[in-house]
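If you're matching them up, the sequences are chains A and B in order.
Per our numbering, the very first residue in the first sequence carries number 1; after that it's consecutive.
Per our numbering, the very first residue in the second sequence carries number 1; after that it's consecutive.
Any given hint could turn out to be false.
Stated by the list, open to error - To give an idea of the interface, some chain B residues facing chain A are shown, with a C-beta separation under 10 Å as derived from the structure:
| # | residue |
| --- | --- |
| 1 | D19 |
| 2 | G85 |
| 3 | F133 |
Hints listed in this document are in silico derivations from the structure and should not be mistaken for laboratory results.
Ideal placement from N, C-alpha and C gives every residue a C-beta, glycine not left out.
Number of protein chains: 2
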Amino acid sequence: MASEFDLIGRYFTRAAPADVLGVGDDCAMFPVPAGRHVATSVDLLLEGRHFFSDVDPRALGHKSLAVNLSDLAAMGASPLGCVLGIGLPQADEAWVDAFSQGFLALCDTHACPLIGGDTTRSNQGVVISVTVFGSVDPNLALRRDGARPDDDIWVSGTLGAADVAYRLLAGALAPDPVRLAATRAALEWPTPRLALGRALAGMAHAALDVSDGLLQDLGHILKASGVGAVLDYAALPVDPALTGLSPEDVAHAVLAGGDVYELCFTAGRQRRAAVQQAAREAGVPVSRIGAVQREPGLVVLDDSGTPMPLRTRGFDHFGLD
Amino acid sequence: MASEFDLIGRYFTRAAPADVLGVGDDCAMFPVPAGRHVATSVDLLLEGRHFFSDVDPRALGHKSLAVNLSDLAAMGASPLGCVLGIGLPQADEAWVDAFSQGFLALCDTHACPLIGGDTTRSNQGVVISVTVFGSVDPNLALRRDGARPDDDIWVSGTLGAADVAYRLLAGALAPDPVRLAATRAALEWPTPRLALGRALAGMAHAALDVSDGLLQDLGHILKASGVGAVLDYAALPVDPALTGLSPEDVAHAVLAGGDVYELCFTAGRQRRAAVQQAAREAGVPVSRIGAVQREPGLVVLDDSGTPMPLRTRGFDHFGLD
Numbered sequence: 001m002a003s004e005f006d007l008i009g010r011y012f013t014r015a016a017p018a019d020v021l022g023v024g025d026d027c028a029m030f031p032v033p034a035g036r037h038v039a040t041s042v043d044l045l046l047e048g049r050h051f052f053s054d055v056d057p058r059a060l061g062h063k064s065l066a067v068n069l070s071d072l073a074a075m076g077a078s079p080l081g082c083v084l085g086i087g088l089p090q091a092d093e094a095w096v097d098a099f100s101q102g103f104l105a106l107c108d109t110h111a112c113p114l115i116g117g118d119t120t121r122s123n124q125g126v127v128i129s130v131t132v133f134g135s136v137d138p139n140l141a142l143r144r145d146g147a148r149p150d151d152d153i154w155v156s157g158t159l160g161a162a163d164v165a166y167r168l169l170a171g172a173l174a175p176d177p178v179r180l181a182a183t184r185a186a187l188e189w190p191t192p193r194l195a196l197g198r199a200l201a202g203m204a205h206a207a208l209d210v211s212d213g214l215l216q217d218l219g220h221i222l223k224a225s226g227v228g229a230v231l232d233y234a235a236l237p238v239d240p241a242l243t244g245l246s247p248e249d250v251a252h253a254v255l256a257g258g259d260v261y262e263l264c265f266t267a268g269r270q271r272r273a274a275v276q277q278a279a280r281e282a283g284v285p286v287s288r289i290g291a292v293q294r295e296p297g298l299v300v301l302d303d304s305g306t307p308m309p310l311r312t313r314g315f316d317h318f319g320l321d
Numbered sequence: 001m002a003s004e005f006d007l008i009g010r011y012f013t014r015a016a017p018a019d020v021l022g023v024g025d026d027c028a029m030f031p032v033p034a035g036r037h038v039a040t041s042v043d044l045l046l047e048g049r050h051f052f053s054d055v056d057p058r059a060l061g062h063k064s065l066a067v068n069l070s071d072l073a074a075m076g077a078s079p080l081g082c083v084l085g086i087g088l089p090q091a092d093e094a095w096v097d098a099f100s101q102g103f104l105a106l107c108d109t110h111a112c113p114l115i116g117g118d119t120t121r122s123n124q125g126v127v128i129s130v131t132v133f134g135s136v137d138p139n140l141a142l143r144r145d146g147a148r149p150d151d152d153i154w155v156s157g158t159l160g161a162a163d164v165a166y167r168l169l170a171g172a173l174a175p176d177p178v179r180l181a182a183t184r185a186a187l188e189w190p191t192p193r194l195a196l197g198r199a200l201a202g203m204a205h206a207a208l209d210v211s212d213g214l215l216q217d218l219g220h221i222l223k224a225s226g227v228g229a230v231l232d233y234a235a236l237p238v239d240p241a242l243t244g245l246s247p248e249d250v251a252h253a254v255l256a257g258g259d260v261y262e263l264c265f266t267a268g269r270q271r272r273a274a275v276q277q278a279a280r281e282a283g284v285p286v287s288r289i290g291a292v293q294r295e296p297g298l299v300v301l302d303d304s305g306t307p308m309p310l311r312t313r314g315f316d317h318f319g320l321d
C-alpha cells in the first residue's frame with residue numbers, strides 16, 4: 001500500500017467505543033447483546049454504475065452507508081458498526097475528506113461506528129464496499145417470507161422522487177432545475193428508516209426496503225411468502241415533487257423507480273392502529289397501499305378499479321415469476 | 001439488477017446452516033457463541049491491482065476468501081461466515097462457476113458459510129469485496145499491541161515463494177518455468193493458518209498475518225506495542241524454491257515480499273515448547289527468527305551478526321516510523 005493511501009485511511013479512523021476494537025488490527029472486534037443475532041448486509045457501489053462521477057462526495061459518503069443501514073432497518077435490527085472498503089484512482093484528499101464527513105456523520109446519527117476497512121488505489125474508478133452489522137432478536141426479525149393472505153401492505157414515506165431526480169440527471173427527462181432541486185435530496189441523501197424498522201419488529205409479518213422499485217421488491221416478498229397481492233394505485237404516496245409530470249412518468253417513478261429506501265411491509269388488518277402508532281413514534285408517515293391475497297401474482301388497480309396493463313407499459317422486465 | 005446477474009448470484013447460493021439466515025433477505029443473520037465477540041475484516045481485491053486479469057478464476061475464488069480468513073487466524077478467531085460483493089464486466093458463467101468453486105471449497109474447509117452478498121455489473125474490471133466474521137474470546141484474542149521486551153519472534157511456514165512467483169509473472173525476474181511452477185501455489189493458493197491462530201490464542205502476546213512483507217508487518221506490531229526488535233537473518237525460513245536466486249532477490253523476497261499469509265507472532269521465552277507443540281498440532285512449522293527489545297527500531301543481523309544496511313538496499317519505503 002502506498003503511504004498516501006495509509007494517510008487517507010486516517011480520515012476514517014476514530015476512537016472506537018468501549019468494548020470495541022476498531023481500526024488498526026487484523027480484525028475489528030465487537031460484542032453482541034445476549035440473546036440477539038448479528039444481522040449483516042454488504043453493498044458494492046461502483047462509479048459510473050451506482051453513482052455519477054461528479055456526485056458530491058459528501059452525499060456519496062452518506063448514501064454509501066445509508067443503503068446498508070436501510071437493510072438493517074428492513075430487518076428491524078439495531079446498528080452495531082460497519083466496515084468500509086474503498087478503492088480510489090488517486091489520493092484526492094479533499095474528496096476523501098468530504099466523503100468521510102458524509103459517511104461519519106451518518107455513523108454518528110445512528111450509533112453505527114466505523115470499526116474497520118481497507119483503503120487501496122484503484123486503477124479503474126471509485127469502488128466502495130460497505131458491510132454493516134446490527135443486532136436483532138431472531139424471533140422478531142422482519143423477514144421476507146412471512147406475508148400472509150389478507151395482510152395489509154404498507155409503504156413508508158413517499159415514492160418517485162429519487163427516480164425523477166435520477167432521470168433528470170441522466171437526461172431521460174427534459175431539464176427542469178426546479179424539479180431537480182425538489183427531488184435531488186431523495187436520490188442523494190436517503191434516510192434509512194431504522195426507528196420504524198425497530199418499531200415494526202414483532203409487529204409486521206414481512207418487510208424489505210424498496211431499493212429496486214416497488215413492484216420488483218414487493219415481488220420478492222410475495223415470492224418468498226408464496227402469496228400474491230393487489231395494490232390500489234390511488235393509495236400510493238406519490239411525492240409532491242412529481243406534480244405536473246405525465247401520468248406515464250409518474251407511474252414509472254412510483255412503481256418501478258429504485259433508490260427509494262422506504263420500507264414496504266405487510267401486517268395483519270387488526271394491527272392498523274398499532275402500525276400507525278409505530279409510524280408516528282418513528283416520525284415517518286406510512287400509507288396502506290393494498291392487500292396480500294392467496295392467489296399468486298401482483299395486480300395494480302387504477303382509480304376505477306381496473307387492473308393496470310403493466311406488461312404492455314414496459315414493466316415486463318420485472319420478472320415477477 | 002439485470003436478470004443475468006441474478007442468475008449468477010445463484011452460483012453462490014447454498015443452504016444456510018441451522019440457526020443462520022442466509023442469502024435472500026435484506027440481511028443475513030447468525031448467532032454468536034455466548035461470551036465471545038465478533039471479529040471481522042474486509043478486503044477489497046481489484047483486477048489489475050491485486051490480481052492479474054488472466055488469473056485462474058478458481059484460484060482467485062480461493063484467494064479472495066483466504067486473505068480474509070488469514071485475518072481471522074491472526075486474531076485467533078474461529079470463522080462464523082462471510083459475505084461477498086462482486087462486480088463483473090460481463091456475465092461469464094464459466095468464469096463465475098470456477099470462481100465460486102474455489103471460493104465455496106474454502107468455505108467448506110473452514111466451516112465459513114457464505115451467507116450473503118451483492119452481485120452487480122461492473123463497467124470497470126472485476127471487483128471483489130469479502131467480509132468475514134469470526135468469534136473469539138476477547139480476553140484471548142491476538143492483538144498487535146501486546147508484544148513485550150524479550151519476547152521471541154516467530155513466523156509460520158516459509159517466506160519468499162509468493163513474491164518470487166509474483167515477480168516472475170510480472171516480468172521483474174527472468175523467465176524460469178521450473179521456479180514458477182514451484183512457487184505459484186504460494187501466490188495463488190495461500191493457506192490461512194486458522195488452526196495455528198486458534199492454538200496461539202491466549203499463548204502468543206501479539207500476532208498478525210504477513211500480507212505486506214515481514215519487515216513492514218512486524219513494524220506494525222512493534223509500533224503498536226511501543227517496542228523494537230532484532231531479527232536473525234539466518235533464522236528466516238527461506239522457501240526451498242528460492243534456491244539459486246541472487247542474495248539480493250532472496251533478501252527482497254523474504255524481508256519485503258507480500259502476499260505471504262503466514263502468521264508472525266511474539267511469545268514469552270518460557271513458552272517455546274508450548275509454541276512448538278501448538279505448531280505441531282496445527283500441522284504447520286514455525287521458526288524462531290528474533291527477539292523483541294525495549295529500544296525502538298528494527299534491526300536485521302546477517303550471518304556474521306552485523307546489522308544489514310536495509311535502508312541503502314531500497315527498503316526505505318517501508319516507512320518503519
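Cross-check of the supplied hints:
The interface hint given for D19 of chain B holds, since its Cβ lies 8 Å from the closest Cβ of chain A, which is under the 10 Å cut-off. Because the beta carbon of G85 of chain B sits about 4 Å from the nearest beta carbon in chain A, less than 10 Å, this interface hint is met. Given hint, F133 of chain B at the interface with chain A, holds; its Cβ is 7 Å from that chain's nearest Cβ, closer than 10 Å.
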